[in-house]
Amino acid sequence: MSQSNIQIPSASRSATNWLLVGASLVGLAVFTNVEDPFNAPKSWILYISAFWLLGWIAFNVKRALADSVLRIAVILSSLFSLTLFLSFLATDNKFVGFFGDYARRTGFLSYFALMVFFLAGAMVINEKNIDRFDLVVLLPGYLITGYGFLQHLKIDPVKWNNPYNSILSTLGNPDFAAAVMAIFTVLSFALVVNPRKVLLVRLLAALLMVLSLITILWSQVRQGLLAGAIGIGVIVLVWVHQRQKIAAYVLAAGGVVGAFLAGFGMLKMGPLQNYFYKVSVTYRGDYWRAGIRMLKEHPLFGVGLDRYGAHFTQFRDATQATRVGRGPGIHSNAAHDVPIQLAATGGILVLIAFLTITGFVAWRGIIGLHNRTGIDQLIFAGFLGAWIAYEAQSFISIDNLGIAIWGWLLGGIIVALSRREAPTATSGIVGKKPTKSDRGRVAANAPTSPAQPLVSYLLAILALSISLPLFLQDSALKTSRAYRVPTESAQIANYQALVRKALRFPYTDAHVTVAVAGQLAQSQAIQEATNMAVMVHQSDPLNIDATSLLLSIYEQTHKYPEAIALRRGLLQTDPYDYTNMLKLGQDLKATGDLAGAKALVPRIEALAKGSAEAKQAHTEFGA
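Be aware that the sequence shown starts at 48, since it is given in my numbering, and climbs by one per residue.
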């Protein structure tokens, strides 16, 4: 890459800092004093950082439109945002559509913020400031991997309620942690093979790469290894191509064949199935089929942004519901495939816009490789390989914000560096008389308005004000859960007052409302808890938490007609749940309707013949 004599003004330095530091904090953020310690804080930092960058983009978009590549990036980003907004308007639950489902937070606001990171990366990154990305690789990389090491060695200072293996890192799930470490493995390898880096940086990168690979192995997530191998393979392929093109073609062909064999192995086919197959991949197939059915039945706008979990039971098939060892009680709130997830929840327009942006980045990646030679080409291949590693894992994983931030940022960087003249913000080009094309670049790179920092900080404050109620209610819920339900009547009122604090905000997540209702029900405030759960259920009949709480209250208080009405409703939204059929039969029997209970036995038998539920139905209902 050619080095220019261009100075970066303070506006661009600030934008670069917000871009790179913001992305790093999104990946690292963990707040232990909130109910959702992983996804929620990542979303809040994402909003604040993106809104600041949005102010910077607003003052620089005109000059960006003067560049043909950035103009395409702006147009595609705008179209993606527009399609997301239209799907948000069509989403039945506006809170979830805007913020995202609880413990996921991938609604309109998060995807809009990710798009802002992509566009800001394309506009602000250049060949002069890209060296700052070294710290983004090394510092977050060591923190994420190092925390995984502590967890594996069982010296984690936080005692997580962890249903997985020990490797959660700052992502909250071994699959997510392995995916991020795979991306950092590729970026570390790119630093190791870059002779322009000082020896210390290369040694630190080499150590990080080794530690990341070890931690991925400990996580037992094979797709992490595969994604990392694909990304490193891109760099190696470019290196080989520079020396022997025929060998590169052979290597590429072998890589394609290997990738296909690995993919078939994940699907329990071919000679590599013993190495790559995990039963969890089979479960992912269940989620993919449900997502595809959602798109088929709701092609234009999907089932609603981040509403996959609410609609899952309606669109899953009998294979998933009756799978041995899992059963109908296993739900999912994501398709475990990013394109399918976006298609299912946003519709065909969102999918097309997303795939177009992805194709644009891939196209710019090819152009960027073509326009470079030698070390410059190898450096660019490092960013491209890391982005491809992200894309590879996205086909079998969730678009967790801690992973997605790297994919969108790397996409923007690829677009930025693929240009022959990387974007800068300067008043002129030093050392030559400006030509006509230079004058266009100079106009596009005029200094940013002094009002830009003010607007950016005002937008960041707006994002903070949007996030603050979510933080406070989540923190209040976490605090109340630390207390046991008192048994002495004198303490119950104080406990209930503490629990209600989570509801004293301008807007409240339904998950928090139902959780508070559950705590109130346990502390003898049955009617209040019922009213709260009914309110949530009426506003969102597909809210599983509210339905479950109401059923628990009704059946424990012997209000069987109310429970029967809810369970009959579940027959429509969850037609394969034979456990619900059994409990419906029990409720019908409790009201004296034994004939109605007997009528459910053939339905249970049809779904789960010979199961414990079928045997119990025969015994209790006399069929």
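In short, the hints are calculated from the structure, not lab data. Treat the numbers as computed from the prediction; the structure is a model and nothing was measured. Note that the Cβ used here is the ideal one computed from N, Cα and C, for glycine as well. There may be inaccurate statements among the hints.
BS3-like, lysine-lysine: derived pairs with alpha carbons at most 25 Å apart [stated by the list, open to error]:
(1) Lys-645 - Lys-606
(2) Lys-175 - Lys-201
(3) Lys-630 - Lys-645
(4) Lys-525 - Lys-548
(5) Lys-548 - Lys-141
(6) Lys-141 - Lys-109
(7) Lys-548 - Lys-636
(8) Lys-109 - Lys-175
(9) Lys-201 - Lys-244
(10) Lys-606 - Lys-630
(11) Lys-325 - Lys-343
Estimated spans, in silico, between C-beta atoms of each pair [stated by the list, open to error]:
(12) Gln-619 - Gln-569: 44 to 54 Å
(13) Arg-551 - Val-581: 45 to 55 Å
(14) Asn-418 - Arg-551: 49 to 59 Å
(15) Ala-612 - Val-532: 52 to 62 Å
(16) Ala-544 - Ala-653: 25 to 35 Å
(17) Val-532 - Gly-317: 47 to 57 Å
(18) Asp-139 - Ala-253: 47 to 57 Å
(19) Asp-139 - Gly-302: 37 to 47 Å
(20) Lys-201 - Gln-585: 38 to 48 Å
(21) Val-303 - Gly-643: 50 to 60 Å
(22) Leu-182 - Pro-242: 17 to 27 Å
Checked hints:
1. Lys-645 - Lys-606: Roughly 21 Å between the alpha carbons, so the hint for Lys-645 and Lys-606 holds.
2. Lys-175 - Lys-201: Violated. Lys-175 to Lys-201 sits at ~42 Å, over the 25 Å cutoff.
3. Lys-630 - Lys-645: 12 Å, holds
4. Lys-525 - Lys-548: 11 Å, holds
5. Lys-548 - Lys-141: It holds: about 23 Å lies between the C-alpha atoms, which stays within 25 Å.
6. Lys-141 - Lys-109: 32 Å, violated
7. Lys-548 - Lys-636: 40 Å, violated
8. Lys-109 - Lys-175: Holds - the C-alpha atoms of Lys-175 and Lys-109 are around 22 Å apart, at most 25 Å.
9. Lys-201 - Lys-244: 35 Å, violated
10. Lys-606 - Lys-630: 14 Å, holds
11. Lys-325 - Lys-343: Measuring from Cα to Cα gives roughly 28 Å; hence the hint is violated.
12. Gln-619 - Gln-569: 44 to 54 Å: 30 Å, violated
13. Arg-551 - Val-581: 45 to 55 Å: Violated, at about 20 Å.
14. Asn-418 - Arg-551: 49 to 59 Å: 57 Å, holds
15. Ala-612 - Val-532: 52 to 62 Å: At 29 Å between Cβs, range violated.
16. Ala-544 - Ala-653: 25 to 35 Å: 50 Å, violated
17. Val-532 - Gly-317: 47 to 57 Å: 54 Å, holds
18. Asp-139 - Ala-253: 47 to 57 Å: At 51 Å between Cβs, range holds.
19. Asp-139 - Gly-302: 37 to 47 Å: Once the Cβ atoms are compared, 44 Å apart, the range 37 to 47 Å for Gly-302 and Asp-139 holds.
20. Lys-201 - Gln-585: 38 to 48 Å: With Cβ atoms ~46 Å apart, the hint holds.
21. Val-303 - Gly-643: 50 to 60 Å: 59 Å, holds
22. Leu-182 - Pro-242: 17 to 27 Å: 19 Å, holds
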